[in-house]
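Engineer: Protein chains in written order, with the working numbering: chain F, 59 to 394; chain Z, 907 to 1231.
There could be a bad hint or two in this list.
[Unchecked claim] So these bits of chain F aren't anywhere near chain Z, every CB distance computed over 12 Å:
1) L99
2) L172
3) A306
[Unchecked claim] Quick list of simulated restraints, FRET-style, between CB atoms:
4) F:P274 / Z:L930: 43 to 51 Å
5) F:R390 / Z:N1060: 53 to 61 Å
6) F:E392 / Z:R1094: 52 to 60 Å
7) Z:L1198 / F:P274: 48 to 56 Å
These are calculated hints, taken from the structure and not from any lab test. Just so you know, even glycine gets a beta-carbon here, dropped at the ideal spot from N, CA and C.
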Amino acid sequence: MKAHALLQRCLHSRYFWPLLALALILLANLFISPAFFQVELRDGRLYGSLVDVLNRGTPVALLAIGMSLVIATGGVDLSVGAVIAITGAVCANLITDTDMSLLMIMTLGLLAGLAAGLVNGGLVSYLGIQPIVATLVLMVAGRGIAQLINDGQIITFTHDGFAFLGVGSLLGLPAPVVITVIVLLLVHGLVRFTALGLFIEAVGCNAQASHYAGVPVKGVKLAVYGISGLCAAVAGMIITADIQGADANNAGLWLELDAILAVVIGGAALAGGRFSLVLSVIGVLIIQALSTTILVSGIAPQYNLLIKSLVVIAVLLLQSAVFKRQVSLLWRREAA
Amino acid sequence: MKPRLNPRLLPVLVTAALLVVLFLTGAIRFDGFGSLRVVLNLFTDNAFLGITAIGMTFVILSGGIDLSVGAVIAFSSVLCAVLIEQQGWHPLLALPVVIACGSLLGLVMGALIHYYAMQPFIVTLAGMFFARSLATILSEQSIPIEHGFYSAVNNFGILLPGRAWFGTGAMALLFIFVLAIWLLHYTRTGGYIYALGGNAQSAALMGVPVGRTRILVYVLSGTLAATGGVVYSFYTASGYALSGVGLELDAIAAVVIGGTLLSGGTGFVWGTLLGVLIMGLIQTWISFDGTLNSWWTKIVIGLLVLVFICLQRWLSHTLEQGKRS
Chain F
59 MKAHALLQRC LHSRYFWPLL ALALILLANL FISPAFFQVE LRDGRLYGSL VDVLNRGTPV
119 ALLAIGMSLV IATGGVDLSV GAVIAITGAV CANLITDTDM SLLMIMTLGL LAGLAAGLVN
179 GGLVSYLGIQ PIVATLVLMV AGRGIAQLIN DGQIITFTHD GFAFLGVGSL LGLPAPVVIT
239 VIVLLLVHGL VRFTALGLFI EAVGCNAQAS HYAGVPVKGV KLAVYGISGL CAAVAGMIIT
299 ADIQGADANN AGLWLELDAI LAVVIGGAAL AGGRFSLVLS VIGVLIIQAL STTILVSGIA
359 PQYNLLIKSL VVIAVLLLQS AVFKRQVSLL WRREAA
Chain Z
907 MKPRLNPRLL PVLVTAALLV VLFLTGAIRF DGFGSLRVVL NLFTDNAFLG ITAIGMTFVI
967 LSGGIDLSVG AVIAFSSVLC AVLIEQQGWH PLLALPVVIA CGSLLGLVMG ALIHYYAMQP
1027 FIVTLAGMFF ARSLATILSE QSIPIEHGFY SAVNNFGILL PGRAWFGTGA MALLFIFVLA
1087 IWLLHYTRTG GYIYALGGNA QSAALMGVPV GRTRILVYVL SGTLAATGGV VYSFYTASGY
1147 ALSGVGLELD AIAAVVIGGT LLSGGTGFVW GTLLGVLIMG LIQTWISFDG TLNSWWTKIV
1207 IGLLVLVFIC LQRWLSHTLE QGKRS
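Could you put the whole structure together from the sequences, leaning on the hints where they help?
Structural biologist: Printed below as a string of structure tokens:
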């Protein structure tokens, strides 16, 4: 009886379905290629497919952290991919054209992302423009701005300090993974150890009611887009450092869609409300593990997006109340 | 009494005025800009975008969004090429099949959105991945289409004075434009779409068949995107899986510049056509100018979208205050 109650609690936990999906994908690898789980230590750094999943997932994970907060307020940030391109262009040009210190370059890169985020936030909160349109502006114009900064070129550079952000390793883990964990902890602390997280969820549930209850709705919205811009800037620096170049056209292309997908797979409603940064990161791991699995299983890469789209629909169906009702009706009819 | 202007028309009129000003300024600045030829080329070069954007207008008017259209264009053009060149089908048989595939994808997406109450954004995003993937599975290389029917259709047209060519692409765009206006403004279905976008709950209470209408707009959008893909395959005489990347953004931008509210319920098809023409005119301007780089297109279009949403915001604000007083 007790076991049954525990099972019920697990089944109704919002961590259950995303974790089950991740476990299933990892389990599939056990049959396809057991080498997937091999992790070895070489030159003080861990190597293996699992580390690879973590490492490749970092840019989207960073975006998903910011995106979770934006989606929790009932918004969406389409511009993060373009912000990656802008940050990359800013950093690459500062490295090639000036001899600023690494700290200064990183600060300016972060400021570029913050500025972009505040533009989005300003449009959404102070002008009351729909988030999809407001961030669409920067999504379209942002890549143009990045190309303007790059003067239409792909700027490459050699800078060991900056490159460390993308290819270095810390504590045996790739630097991007460590950076992402730090950002996750920082943002988690910011939203869960202050009232900000509560405010964000309140705004997402009912902005009007929150306003009357004294929640600074406009400030909260401005803040989440600012944080999203900052997260995108960190992702932009990691991507730029990884390839040691800034490509205004292709850096971070379509990553905003993956980030939104990850947040939704993690169980958040696009309408806003409750959010969980950990679940969003699990969503990223699901997407990334899926891609890597397809890669190592020898299925032609063209099928990657096909399988991804079917998995997305399957996950959405599992979360849909209507579908659950239909399944349980069917179940009962079978049993009877 | 002064005849009063419907304030909902204002954004579209601003778009129209901007189009005229842009065209006249270009005509003064550059030789050969202010010609019938440039105008007709605007229609020909943007026919596939225009047709797709008209489909997008229906979806946005109903309060939804369709991110799959760019991928559907790519898939349709590749399917055309594969059926005609590799399977030896006659185009007249292949084209209806291709367009029906677009309708079917729209039907599935619409049904998922309606029956399972899923977010249009995510469902059509999955549709985008699905269609793009099918296109690359069919063929990663660009397939040229050399069927006689294609060149016959491409050579069909009317030569107007000043070497202006009124070809089949422009004809298809205008034909679909007229059909769309008829559907939206002269049928009951059109009214349903506006009602659904205005307020789904009230629409349902008033007896609007919400499910049928919501699914219909996605079928329309899928059908028109596939038609756009067919037109694109004629335009380029080939099918390529990587064509139309990001085209959904252009279509959405055209709809917004055309004065349609993204929250649904307000807007016009002819505004969308004006939006497409403005975007085409900016590109023509940049190619005439020669010193400006292509990335200015993106920046200018982004700024235009910004200006128009601010205008609409201000407008609906004033309207609300007018109602209160």
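Engineer: Does each hint hold? Answer for all of them.
Structural biologist: Verification of the hints:
{"no.": "1", "hint": "L99", "in the structure": "holds, 36 Å"}
{"no.": "2", "hint": "L172", "in the structure": "holds, 19 Å"}
{"no.": "3", "hint": "A306", "in the structure": "violated, 8 Å"}
{"no.": "4", "hint": "F:P274 / Z:L930: 43 to 51 Å", "in the structure": "holds, 48 Å"}
{"no.": "5", "hint": "F:R390 / Z:N1060: 53 to 61 Å", "in the structure": "holds, 60 Å"}
{"no.": "6", "hint": "F:E392 / Z:R1094: 52 to 60 Å", "in the structure": "violated, 42 Å"}
{"no.": "7", "hint": "Z:L1198 / F:P274: 48 to 56 Å", "in the structure": "violated, 43 Å"}
When each numbered hint is compared with the structure, violations occur for hints 3, 6 and 7.
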